[in-house]
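With chain W's structure known, arrange chain Z on it following the hints.
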Amino acid sequence: MTVHLETEAVAGDSQPRRRRSFAAPAWLGLAPFFAFTGVALILPILFICWQAFVKTVPGEVHRDPATHQFVHSDQTMFTVDNVQNSLSGIQATSLWTSVELSAITALVGGVLGLLLAYAVVTSKGSALKQIVTTASAVTANFGGVPLAFLFIASLDANVGVVTVFLKDAFGISLLDSFGFKLPALAGITLVYLYFLIPLMVLVMMPALEGLKAQWAEAAENLGASKAQYWRWVAAPVVLPSFLGSLLLLFCSSFSAYATVYAINSSFPVVTIRIAAVLSGNVLSGQENLGAALALDMIAIVLPMTVIYQWLQRRTSRWLA
Amino acid sequence: MSSSTTTVRRLSWGAGARWLVLALAAVYFVGPLIAAINFTVKTPGGGVSLDAYGQIFAAPPTGQIGFVEALVYSLLLSVFSIALTLALMVPTQILLHLYLPKLKSVVEIICLLPLVFPPVVLVVGISNIYKAVAPQAGDDGSPLFLALKWARDTDHPLLLVATYSVMALPFVYRTINTGLEALPLATLVEAARNLGASWWTTITSVLLPPLRTSLVNAGFLCFALVMGEYTVASILLYTKPFPVWLAQLPAASGQEQAAVSVFSLLLVEAALLLVSGFGVKGSKKGMP
Numbered sequence: 001m002t003v004h005l006e007t008e009a010v011a012g013d014s015q016p017r018r019r020r021s022f023a024a025p026a027w028l029g030l031a032p033f034f035a036f037t038g039v040a041l042i043l044p045i046l047f048i049c050w051q052a053f054v055k056t057v058p059g060e061v062h063r064d065p066a067t068h069q070f071v072h073s074d075q076t077m078f079t080v081d082n083v084q085n086s087l088s089g090i091q092a093t094s095l096w097t098s099v100e101l102s103a104i105t106a107l108v109g110g111v112l113g114l115l116l117a118y119a120v121v122t123s124k125g126s127a128l129k130q131i132v133t134t135a136s137a138v139t140a141n142f143g144g145v146p147l148a149f150l151f152i153a154s155l156d157a158n159v160g161v162v163t164v165f166l167k168d169a170f171g172i173s174l175l176d177s178f179g180f181k182l183p184a185l186a187g188i189t190l191v192y193l194y195f196l197i198p199l200m201v202l203v204m205m206p207a208l209e210g211l212k213a214q215w216a217e218a219a220e221n222l223g224a225s226k227a228q229y230w231r232w233v234a235a236p237v238v239l240p241s242f243l244g245s246l247l248l249l250f251c252s253s254f255s256a257y258a259t260v261y262a263i264n265s266s267f268p269v270v271t272i273r274i275a276a277v278l279s280g281n282v283l284s285g286q287e288n289l290g291a292a293l294a295l296d297m298i299a300i301v302l303p304m305t306v307i308y309q310w311l312q313r314r315t316s317r318w319l320a
Numbered sequence: 321m322s323s324s325t326t327t328v329r330r331l332s333w334g335a336g337a338r339w340l341v342l343a344l345a346a347v348y349f350v351g352p353l354i355a356a357i358n359f360t361v362k363t364p365g366g367g368v369s370l371d372a373y374g375q376i377f378a379a380p381p382t383g384q385i386g387f388v389e390a391l392v393y394s395l396l397l398s399v400f401s402i403a404l405t406l407a408l409m410v411p412t413q414i415l416l417h418l419y420l421p422k423l424k425s426v427v428e429i430i431c432l433l434p435l436v437f438p439p440v441v442l443v444v445g446i447s448n449i450y451k452a453v454a455p456q457a458g459d460d461g462s463p464l465f466l467a468l469k470w471a472r473d474t475d476h477p478l479l480l481v482a483t484y485s486v487m488a489l490p491f492v493y494r495t496i497n498t499g500l501e502a503l504p505l506a507t508l509v510e511a512a513r514n515l516g517a518s519w520w521t522t523i524t525s526v527l528l529p530p531l532r533t534s535l536v537n538a539g540f541l542c543f544a545l546v547m548g549e550y551t552v553a554s555i556l557l558y559t560k561p562f563p564v565w566l567a568q569l570p571a572a573s574g575q576e577q578a579a580v581s582v583f584s585l586l587l588v589e590a591a592l593l594l595v596s597g598f599g600v601k602g603s604k605k606g607m608p
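So the sequence lines, in the order shown, correspond to chains W and Z.
Our numbering applies: residue 1 is where the first sequence begins, and numbers increase by one.
Our numbering applies: residue 321 is where the second sequence begins, and numbers increase by one.
Chain Z with its partners taken away, still in its complex shape:
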């Protein structure tokens, strides 16, 4: 026992080096936050005021939307994206595990594709298809164009929801897959079916409860993605999603921009803490 501790100590760093690294990291990661908070509360006279935070909730100029409306818009986007992704992937992956294990690798490769095609590449494809089917002069537009135009409408932006669901596929696939692999799936289904449960009951009462952690985790990653997504929304000319709204705040009100940024960071952090309260482990961004 004592030899093992000495070995580990001998082959790792001294305490000094470790604390230096941790202290530098703390300065780098906390510094900008403190600086930005400082920036938002100082007044030209050298005093302190919370006006910038009050302005967040002040009525927006005519014709523009306010903080709350933009935030709610993004929240709704994320709710629908999560619903679509889970409704698509949970049954698909249960089927794969139960009956079609040979197709698993095909589905996995498709789900990992969005890692190779960054959002900006996907949006080129979507935007160009939209332009290619756009009507020529004097034409009302083909049914395909009308359908796309309807899906693009800012009041019910199915186009955005679908794109976000695609972007979420890599980590949603991984999270659900991990959850399913931990379950004796075939046994559970066989037992439930033999006891006379319908497929609906089997999935909702037998399979979903033990998958809860995976589903919450997948949902949170999807939520984080949609709440911060700027590329697709801005290039497709949506103005209401929260990050786009934040970016178009007038630069003259730099204090307000910073205040909203600090505020939204704290919101996301609160959401993450709330979710980790459910016993969910930390998230992994990017490639799984």
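In isolation and in its complexed conformation, chain W is listed as follows:
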């Protein structure tokens, strides 16, 4: 800030005209950004909000004065029907399954990711840390169709390598013994964890590394037990970051589409429902239903993102 003020002052003293002439171009320089995001980001969002609350109905029939034929023009009217529709029937089921799947995967992935991150942070070798970080970066970005096919090749009920092996070697059937099916909630959870755990490791490692050894020393010298150290020193530092990361995992899981679609294209999650509504061109008003479903998603993701950002800011104080 000081540097900035100084240079402005210098520029202002020696070349007052040049500095003033910057004001207008600097504003103009942001025009491409605002134009692009306005058209490609803000406009689609506003259009969703508009479409979610309107419906198109045929207007009154009247005789065209020129051709003397009966015509009717479409009318657009405000309604909450789309939103109500998006919260009932199969749409409600999909939303609920999505929330359930995301909550389970976030919790399980969060806890397992925390354990893994902790195991890595407290180990002595820096090579292990390097390997896990790089591997996490790759796998956290490895979602979607290829991931689904890896798991199908491993755990498909008929041809999966692991399924067949367990059946041939031990006579264990994943379906009969454990009720495990890849295209069901448990199976999809197992696949999601493949990219959620690494994501958790990536976001939790800095927070865990922020637990300074001096704090543990100080706690011990003051006579704290292990439980007391965790309760009063470590938890307040790690907890905001942990809770924030759970929200991050939830949102990541909630907006996933390709992975679950490749495993089971009829699994009732909201993203698959939206895609189905959009591609079904037969019924009128489907666009409005799609927009309402999209709005439902926003209503769930928006508060989580805001809380996540807030928690991140809180956490960063300790990690500075």
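The hints are simulated quantities; they were obtained by calculation from the structure and are not laboratory data.
Being a predicted model, the structure only gives us computed values, none of them experimental.
Careful: at least some of the hints might be erroneous.
Unchecked claim - The calculated DSS-like cross-link candidates involving lysine-lysine, where the alpha carbons are at most 30 angstroms apart (straight line), are:
1. Z:LYS362 to W:LYS167
2. Z:LYS451 to W:LYS55
3. Z:LYS362 to W:LYS181
4. W:LYS226 to W:LYS124
5. Z:LYS560 to Z:LYS451
6. W:LYS129 to W:LYS226
7. Z:LYS469 to Z:LYS560
8. W:LYS129 to W:LYS212
9. Z:LYS469 to W:LYS55
10. W:LYS167 to W:LYS181
11. Z:LYS451 to Z:LYS469
12. W:LYS212 to W:LYS124
Claimed, not checked - Listing some non-contacts, in silico: residues in chain W with all C-beta distances to chain Z over 10 angstroms:
13. GLY59
14. MET77
15. LEU87
16. LEU107
What the hints assert, rightly or not - Looking from chain Z toward chain W, a few residues come up when the C-beta cut is under 8 angstroms (computed):
17. VAL347
18. PHE349
19. ALA356
20. ASN358
21. ASP371
22. PHE377
23. LEU423
24. ILE449
25. THR483
26. ALA544
27. LEU592
Ideal Cβ placement from N, Cα and C applies to all residues, glycine included.
Using the frame of chain W, we list chain Z on its own:
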């Protein structure tokens, strides 16, 4: 010194628990990969064959595109998306840091918006706008529709490139911001300008070189996003991008699906190792 090591040891786990966690993680993360490789090379008779991998490069059936064409299509998509995002964000963020610090928070909020609007939500908006401006019967279509239709064309899918650039905004903003904050930007620009450098020279020769790491990092994240993006491309009915092509391989050839998946994972991994060779740190997906 010795007291600190004992403390740390006392307050952390035993070695046994740590190695158990690491071993379980290794099994979970390496297992499916090994299982899938096993799946792709075994033959019905119990032998081993690499035919599934050979099929990846075999000529595709008439009317369909092959592995290489789909991969190149996605590569080009990612190149153009990276170019558009960086061309937009680098000058914008330099301007913000130099002259318009008050607008930084506005731009930051806009750049973080795609975190709140998942790809499937964005694509609802795009698809619905497209349908809303579509011509009625007997109409050729308004100029707006014709422009959108041109941008949607599968030969030059500007619509996809623009959408991917939007989806990349959150992490591209963060990466460039980190790079810029580490620079004495005002001093560099003032020095260069006072020495008579043009704005173009100032940006390309003075500002971009120290930003190289940030830019490569942003570019890689964008690359990873586009190479794996399925939602937007499939809902907008593109068939050529690699993930869409992979998904529509006939399920009967499960071996080929798995082979292409393994192969593409290894490709992405090689790319990441290559990039980390440039001294770039690991990526962060999702919210920054």
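* Asked: Looking back at the numbered hints, which does the structure fail to meet, lowest number first?
  -> Checked against the structure, the hints that fail are numbers 17, 21 and 22, while the rest are satisfied.
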